[in-house]
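Following the hints, position chain B against chain A.
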Amino acid sequence: MNEVKPEVTTAEDEAAGVPVVSLRQVRKVYPGAAGPKVALQDITFDVARGEFACVVGPSGAGKTTLLRILAGLAQPTSGAALFEGTPLRSVPPGIGVVFQDYGRSLYPWLTVARNVELPLRVRGLQRTERAQRVAEVLASVGLPDAGRSYPWQLSGGMQQRVAIARSLAYRPDLLLMDEPFASVDAQTRFELEDLILRVRQEFGVTVVFVTHDIDEAVYLADRVIAVSKSPGVVTEIVDITLTRPRDQIATKADPAFARYREHLLGMVMKR
Amino acid sequence: MSLHSLGGAASPGPAARAAGTAAARALTRVWLFVVLFLIWWFWSAGSKSLYFPPLSSILKALWTQWVTGPARAELGSSLEHLVVGYVIAGLVGIGIGALLWSLRYLRDATSPYIYFLYVLPAPVLVPAAMTLFGIGFTMKVVLIAFAALWPTLLNTLDGMRGVDQVKLDTSRVLGVSPLGSVFRVVLPAAAPQIVAGLRNSLQVAIILMVVSEWEASSDGIGYYIVNAQQSFDYVGMWSGIIVLAIIGTVANVLFVIAENRALHWHYGARAVEGTR
Chain A
1 MNEVKPEVTT
11 AEDEAAGVPV
21 VSLRQVRKVY
31 PGAAGPKVAL
41 QDITFDVARG
51 EFACVVGPSG
61 AGKTTLLRIL
71 AGLAQPTSGA
81 ALFEGTPLRS
91 VPPGIGVVFQ
101 DYGRSLYPWL
111 TVARNVELPL
121 RVRGLQRTER
131 AQRVAEVLAS
141 VGLPDAGRSY
151 PWQLSGGMQQ
161 RVAIARSLAY
171 RPDLLLMDEP
181 FASVDAQTRF
191 ELEDLILRVR
201 QEFGVTVVFV
211 THDIDEAVYL
221 ADRVIAVSKS
231 PGVVTEIVDI
241 TLTRPRDQIA
251 TKADPAFARY
261 REHLLGMVMK
271 R
Chain B
1001 MSLHSLGGAA
1011 SPGPAARAAG
1021 TAAARALTRV
1031 WLFVVLFLIW
1041 WFWSAGSKSL
1051 YFPPLSSILK
1061 ALWTQWVTGP
1071 ARAELGSSLE
1081 HLVVGYVIAG
1091 LVGIGIGALL
1101 WSLRYLRDAT
1111 SPYIYFLYVL
1121 PAPVLVPAAM
1131 TLFGIGFTMK
1141 VVLIAFAALW
1151 PTLLNTLDGM
1161 RGVDQVKLDT
1171 SRVLGVSPLG
1181 SVFRVVLPAA
1191 APQIVAGLRN
1201 SLQVAIILMV
1211 VSEWEASSDG
1221 IGYYIVNAQQ
1231 SFDYVGMWSG
1241 IIVLAIIGTV
1251 ANVLFVIAEN
1261 RALHWHYGAR
1271 AVEGTR
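For the protein sequence lines, the chains are A and B, in the order given. Each residue of the first sequence is one higher than the one before, counting from 1 in the numbering used here. Each residue of the second sequence is one higher than the one before, counting from 1001 in the numbering used here.
Hints listed in this document are in silico derivations from the structure and should not be mistaken for laboratory results. Every residue gets a Cβ at the ideal spot worked out from N, C-alpha and C, and that includes glycine. Any given hint could be a false lead.
[Claimed, not checked] Chain B residues, not near chain A, derived (Cβ > 10 Å throughout): (1) V1034; (2) P1054; (3) G1069; (4) Y1118; (5) M1130; (6) F1137; (7) V1173; (8) S1177; (9) R1184; (10) V1185; (11) V1235; (12) A1245; (13) E1259; (14) R1261.
[As the list claims (entries may be wrong)] As a list, the in silico DSBU-like pairs of lysine-lysine whose alpha-carbon atoms are at most 35 Å apart: (15) A:K37 - B:K1167; (16) A:K37 - A:K229; (17) B:K1048 - B:K1060; (18) B:K1167 - A:K229; (19) A:K229 - A:K252.
Bound conformation, chain A alone:
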């Protein structure tokens, strides 16, 4: 998972050795009316540069809390959360987040192009470069002509594509996704899964993808991190060695896919 390559000579290789994400005994406790609630008990794992990691677990396993900590939106009660070797105290510029509910995350008063442009604007990019990047990422997610539309004029699947485009526009090192395809229909979901595998390749971005769907996790991931329900702990980390590129029909028909699925499902059900 976190192997150091033998030819560690250039600065880039050196950077590749530092995990993009590093969690050490992360614990998160929320104060509650009926006493403190432990959302995350003890979470430790690394995610290497370029890796696609899926965090899978049932509802109430603190997956969203975990993602907020990874994004720097929330601080752990104890333990350490590091992004590229630096403790997360606020949201660093190199992280993109795709939230589950695109309807709440996209800004309805801005057109699609302006939504995607916003992070570039606040980073002070020049107009021509902004326009170029917007066109580029919208084309990457298959919406080259949607720039002038408003998000609410698009279907759910298209809106989530816009959200993905917006989080890729500023070329983050790490893309965090919180059950991003949970509110679209099955067909669209498969399309978006393949889309994210493609753009991840294209933009060379590390992905942490949170889901409750084991099939989705196995299909997408290089590694599946299974977390259990209350209190949230990592129960197992499974390396997925299915061949790439993956294919909705061929990969899912692979006996290895079924074995991973069975193993993870058994573990989740047992709990």
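Same frame as chain A, but now just chain B:
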């Protein structure tokens, strides 16, 4: 919905039907006005009563006094008070509302007094305002601004407190600064409620425009109406009332036009939500 269905040309059938229903809707709104106008016109025609002058002479006074005559100055002065007072109320209301939203302590400390001032009927402040600011321009503008402030202020505060946490999280993730997110996210997200507040403020401002001119004033529409009534010029009094009604209507129409432009995204999104 596909992208292509958004701007597609409608076939002539539905377009013609839409034009038909638009005409029918316009008719619905107009016929009662015409009927009432005619009733008033013929009922009052030839009336010799001092208190119930013929509509024809009221309309004539409307023209000779307010359009071509001396009352134009009263109209100008009232509108000046209204515009200046209302703009101040809007800006200060949004500004203080935003400040109270961002400073929780200040909000908790001030909230009882804000509601206390909000429920106070502003017209009773006229004597106090006269004592403090005299009877001129300042007194009227201060009074209008003060009274019209509250609906905008409270709606701004409420609207900003209701902004979805996901929208705020998103702005942090996208790298928008805290101050930047106030302008880029919080204000637009709260805009529908702020605009509703501004609309209430407009009505209060118009009321206070008139009320502030009733007492010890030497100009304005309110002054003109009271003065006409006290000198038994009931034609002039009625013409002033009609002018006020026209001002209120025009102000509302302008407001709705501005609102539809500024919040077109809000109504668009809501219409789509309704069809899903």
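query: Which of the listed hints are not met by the structure?
result: Checked against the structure, the hints that fail are numbers 7, 8, 9 and 10, while the rest are satisfied.
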